[in-house]
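**Q** Sequence:
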Amino acid sequence: MTATLIPMPVSARRDRPPTLDALMALVAGDMGAVNRVILDRMQSQVPLIPELAGHLIAGGGKRMRPMLTLACARLLDYPGTRHHMLAAAVEFIHTATLLHDDVVDGSGQRRGRRTANMIWGNGPSVLVGDFLLSRGFELMVEDGSLRVLKILSHASAVIAEGEVEQLSAQRRVETAEAQYLKIIDAKTAALFAAACRIAAVVAERDAGVEAALDNYGRYLGIAFQLVDDAMDYASDAAVMGKDTGDDFRDGKVTLPVILAFARGSAEDRKFWRDAIEGRRVSDADLAHATGLLAGTNAIADTVARARHYGQRAIDALSGIGSGPARAALVEAVEFAIARAY
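If you use this note's numbering, the sequence shown closes out at 356, no skipped numbers anywhere.
It should be emphasised that the hints constitute simulated quantities derived from the structure, not laboratory data. Quantities reported herein were computed from a predicted structural model and do not represent experimental measurements.
DSSO-like, lysine-lysine: derived pairs with alpha carbons at most 27 Å apart:
#1 K77 / K165
#2 K197 / K77
#3 K285 / K197
#4 K165 / K197
Between beta-carbon pairs, the in silico distance windows are:
#5 S297 / Q58: 44 to 50 Å
#6 A281 / A40: 50 to 56 Å
#7 Q124 / G47: 26 to 32 Å
#8 G159 / A309: 52 to 58 Å
#9 R294 / L182: 18 to 24 Å
#10 L161 / A281: 54 to 60 Å
#11 A342 / E176: 33 to 39 Å
#12 E157 / R294: 49 to 55 Å
#13 E157 / G47: 15 to 21 Å
Don't be surprised by glycine CBs; every beta carbon is placed ideally from N, CA and C.
Let's have the full structure, built from the sequences with the hints guiding it.
**A** Here it is as C-alpha cells:
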C-alpha cells in the first residue's frame, strides 16, 4: 500500500475548525442506548472486572468507533435498533485491545490517566480485556447475523496480527514504509472499517455499499493513525493523552522515523539506529530526533499522507446518503487530520 499525495482542503467548507460535534449530536440518542448496553454488559459478580473495565471505559475517550457504526446506520436510513448492541460490541473489542496493548507496551498513561496495568497489574488487565472481548462476541451472537459475526471476528483477528507484526518490527529502523502501512491498516484501520461496514449489513444494503463504507472506515483509520504517529513528536500529553516521545522511547518505527531515516545523512542514520535500538532515549535525544524530523520534512509529509487517505475516505462516500449524516462523517475525517495542527 503506497500513497500518491494529493491536497485535502480541510475545513474549506466552513468558517471554523472541524470537530466531532456534528457526529456526536447526530448519534447522541443512539449513544445513550449504546452506553446502557456497555454499562450492563461490563458487569460481573467478580468486583475487580467492572472496576478495572470502568476505569478505561469511563476514561474520557470519544468512542469514535461505535459512533461511526451509528452514523453510518443513520446515513443509510436504518430504522431499527440492532446497531446499538453491535456498536457496543465494537467498543468492547476496542477497549480489550487497549488493555492488551498497554500491557505489551508497558504504558503508564492513557488519555491523561494512569493505565489499568499500572494500577492493577498486567495479569488482571489482560484477563479483563479477555472478558470484554468475550462480551463483545456474546453481543454479536445475540444479533444473530453470521455476516456481522464474520466481519467483526475477522477484524479482531486482523488487529491481533497487526499488533504482533508491530511487535516484530519494534526496534528495526530499516522497516519499510509498505510494511508500516500494512501494520497500521491491521492494528487500527481494520476496526474502523468493520465498525462502518456492519451498518450496511443491518440496513440490508448490497455488497457495493458494504465495500464503500468499509473503504471509508479503513482510510479514515489509516489517516487517524498517521496523525497520531506524527503527533507523538509534535504534540504534548494534554493533547495526546500520553507523554510526548513515547513511541521514540519504545523503539516504535513509525512513518516519521522511516522518512527521516531514509532522507538523513550517514550520521543521522546512525543516530536513528542507536535511538530505535534503545541507546539514545534521553530528553536531549528526543529533542535531537525532533530536529531531524523537522529538517527532513518527515512530520509534514506524514500529515500529507494522512490528508491523502482522508480524501480517499471522503471519496468513498460519494453517492451514498446525504444531509447531516454525510456531512458529519466528512467532518469526522477533517477532524482526524486537523488534530495535527
